[in-house]
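Enquirer: Given chain L, work out where chains W and B should sit, using these hints.
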Amino acid sequence: MKHSTFFTFVFPSLLAMTLLIVLPVISVVVQSLYAQHEQVIETVQNCGPFGCSDEVTVNQEATQAIREAEPLGRFVGFDNYFNRGHLAVTEMGEAWRTSTGWGDWWNKVMNLPFYSAIVFTLTFTFVVTPLTIGLGFAIAVAVNSASRAVRGPLIFVSLLPFIITPLVGSLVLFWMVDARGILGHAIQWLAGNPDLSVKASTPLMWIMLMVYGVWHSAPFAFVVFYAGLQTVNQDTNEAAMIDGANRWQRVRYVTIPHIMPLVTFVALIQLMDNFRVFEPLISFSAEAHAQSLSTYIYYDLGGETRLLNSAAATSLLTVICVGILLSPVLVRTWRDFKRA
Amino acid sequence: MTKMTKLMGATAVALTMGSAAFADGHGCAAEGRLSIIGNEFPAIQSIAALAQSCDGIEGEANLTADHQTLNLAGMSGDPAEYTTAVVANSSIVALINEDVIRPLDDLIAAHGSALSPSQLITVDGKVMAVAFMANAQTLMYREDVLAEAGLEIPTSYEDMLVAAEAIRAAGIMENPLGGAYAAGWNLAQEFNNMYLGTGGAFFEPGTAQVSINNAQGVEALEMMKALSAYMNPDFLTHDSNATSAEWEAGNVALMNMWGSRSQVLMDAEGSEPQVYENTRITAPLTVGDSGVPATTLWWDGWTVAKNISDEDAAATFIAMAHGVSPTLLNEETMNQAVWLIDGFEPQAANEGVLAAVAAGSKPYPMIPFQGLLHTALGNELSDFMQGNESAEQALADVEAAYTAAAIESGFLTE
Amino acid sequence: MSTASPRKLPMSLRLFLIGFLVLWVIMAAFPFMWTLWGSFKVEGDFFSKANWAFALSGELTRVETGGSFTGDGYAGAWGQEEFGRAVLNTSIVCVCVVTISLTLSTLAGYALSRSTFNYAFWILIAALMFRAMPQITLVSGYLLPFYEWNLWGKLGTTIIVLVAINQPFSLWMMTSFFRNIPKDLDESAMVDGCNRFQAFRHVILPVMWPGVITTGLFSFLLAYNDFPVAAMLLDQENQTMIPKIASFLGTTQTKGNVMFAVAAVVSATAPLFVLILFFQRQIVSGLTAGAVKG
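Protein chains in written order, with the working numbering: chain L, 1 to 340; chain W, 1 to 414; chain B, 1 to 294.
This is chain L alone, in the form it adopts within the complex:
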């Protein structure tokens, strides 16, 4: 294909992405290298309905001058990436030097917000992604073996967890898993412990978040795999049968290789989406027990005073982590591309 034709086809899409993704990303990169300019503060008297008091405020005139001289703020290089809120190089170095053993070192690392967020995020990603793929495949096989008449309704019920707004879906679930909710009660009954509360325990909260994650995205994997199963080559399958392959061997050597490209596709999307896990943590009020990189950004942006530079640095670290996670898949895609 000629270069000019190529760009004519691609232009509208590239334009949309450049304007609304590339440019903001560049501004995020710039922002992550800056900090706010110095604020000139002074003590003044503030009054209100509850009386007067001496309080500190920002001196606008003095600050204005600094702001105009440096509209972007102070250039700080990679300081935002290395400070305590992010990679915490100083604190990590100190933890390494002063730790009495691995346990002590681990506690010190987990006390740093970025590392505890990344540990949860990675755990979530690596537990939920394979389970989603496994459950999605199992549902696809089961639905595929059901009689044709019930398949339509089955597909539609199976898609429910994917299409209900997470906003309210998890609000309702949150109430259901409360110690006095219907699921919470069921869990207590199953565990034989009437005081058990999912919301009070960190391990149970993690498990619940992951169960929710699998439940919510299994339908996506299911739809893709179910579609793949429709095209398994029957000739190969029958040939395998004649060769004496049993049911399991046929699944292993015919079905799975056939849908392998789909598994790659689902894994790619799921790895990325799970790494950015956000909504369930907010809806389940899981902050005390689990933080992810996305909620970490959310709290930087959601406070009374917004930390834009810190949020920019965390966002870019997220992109870098996703890049590392996906690199094996990307290398594979490159080889496919060169072969094609």
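These are computed hints drawn from the structure, not numbers from a lab.
Positions of the beta carbon are idealized from the N, C-alpha and C atoms, including for glycine.
Misleading hints may appear alongside valid ones.
Claimed, not checked - Cβ-to-Cβ under 10 Å is the rule here; a few derived chain W residues that face chain L: (1) Q119; (2) D124; (3) T237; (4) N251; (5) V357; (6) H374; (7) N388; (8) D397; (9) A405; (10) I407.
Unchecked claim - Stretch-level coverage of chain L by chain W, calculated; a stretch enters the list once three of its residues show a Cβ under 8 Å from a Cβ in chain W: (11) 22 to 29; (12) 78 to 84; (13) 198 to 211; (14) 231 to 241.
What the hints assert, rightly or not - Derived DEER-like restraints, expressed as beta-carbon distance ranges: (15) T99/B to P79/W: 32 to 38 Å; (16) I18/B to S390/W: 22 to 28 Å; (17) I66/L to P79/W: 22 to 28 Å; (18) D267/W to P328/L: 55 to 61 Å; (19) G56/W to V95/B: 34 to 40 Å; (20) T207/W to P194/L: 48 to 54 Å; (21) S390/W to E237/B: 14 to 20 Å; (22) L205/B to I66/L: 58 to 64 Å.
Expert: Frame of chain L; chains W and B shown alone:
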């Protein structure tokens, strides 16, 4: 003269002036643009509706839970999208820091005769906002439960612990205490209350250097931990909505709750008669022997954007002043808040806030970097509440997190 | 064709599969059924802190409304809060996002699949990496310029943002779909004297629908369920369904409004049922052709 009588006195003075201004019963008229950004609770909805009813005003309102993210961006442009932002003492500082709201002294001189002096929020002598409602967290208790257990109404958190033990020992309730202890903003707010109650100060005077890792900080945290032993084990997920639900379900006998919530908890909807008929509100509790109540006072008020034409600013001011005028108060709106408006008649549900003012509680500090500390507290304290680390370690973490944020925001240098 | 027809399965395996399916159907549908049931109760029952069984028996619903079921949630959402307006806005957003998004990604996907130059690959990879950027960071970056240029609050702005955010995903799907359409098809057309556009129009257009429908479904779900973009970029007049539902919940959860949200969610899911049933066959056949190559 206590602060409360001063407050009410000022209201009475303004009442005469206010009723004079609106004696002829007309609404208001102004030519220009009014665009309101603010939170979405009913009191603000009422004000926005009344302000938009002014003749000649092109009015619109964006009342949303995300107002804090939108107001700064929406007021930074020139001309600003929003001509007024409804804020509280915590959120006004972000607007002052970025210099997007204008001093109101000229507008008050021209159009603000109906406002009472106690409504005016001044920073360094310049009026930056007009307050219209007050709020505070105070003690809420169940009269029947205290009577059944033979207890007096607690006045301090120490009493509250004793009462909680007695109620549990008598087998009336398993977890008699409530509180909005959800990790994040709520938990940090409870710490602020408790820390001010112990007589602590958040910062070294005149600087942005935080100093909470001290005896008072530890005392405040230890008290919160002791209280949490009598709370539902899920307390770290209970925000004020969930805590209110606990109350309405009759699971809780004592809690520190927002005055703005009390009306809802005392009405007949959502709970059994035994619960809502016995719900009482009183002054906030103290902790230790500092004498300062362990609570903070809050106001909600409106501001006027800087980057708009003077005509629009005047129109916005007139409309908003009308929005918080005595015309606002009627059967329906009277209950929506503790209004700082002339003609407001305190209801039973408002006793707590008024008592908090009377007891000399401190306002939530209107300091540029208080929000950074609030966020740091919210993120770091839950480890301590779960028993994963010591109070000193938690406070040290808060200080470290705050310091990193303050350096990034330019309040501290390395 | 299915891998194995049900008749061939041994009894034990069949029972196992049926058991698994029943379990999954309960898991998938139970929360929704519970919500559907609860949407006809009052808040004190559905979100009861006293006893979960209230949601079944409706203790407070009887006390407060006189009957065991109440339509107050629906009346409040549709009547008092004008949920219909949000539904209309969502329909506009969905139709526009799906149409524009598909047009852009079809053209670009086709070109990317037929190009053998390295930059085609790098465009795809870059698109993928951009998708990794957390949405809240992007959205908070839009606020200042949008307010400055007076673009904030309009449906059009939100539509374009959703199209752009959705492009990387659509591009990947469409490209892999077009790779499965043999190159010989359009190349032979070009040998016959067509130019690239004519080849695309006459040869590729007729055979690409399954892939388009699949990609369209995912664009649709993104636009339909989007919360972060619409909540931040739309003013109240133009609010779509999900931010509207969030506003029923509010920060302070005004009493009764929570049930508006529950009722609204049930209402919002109904059109999706119809849609899924209608497009069921196309969704499945489309994915087969589209995503096989990953």
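Enquirer: Any hints from earlier that this structure breaks? Give me their numbers in increasing order, please.
Expert: Those not satisfied are hints 11, 14, 16, 21.
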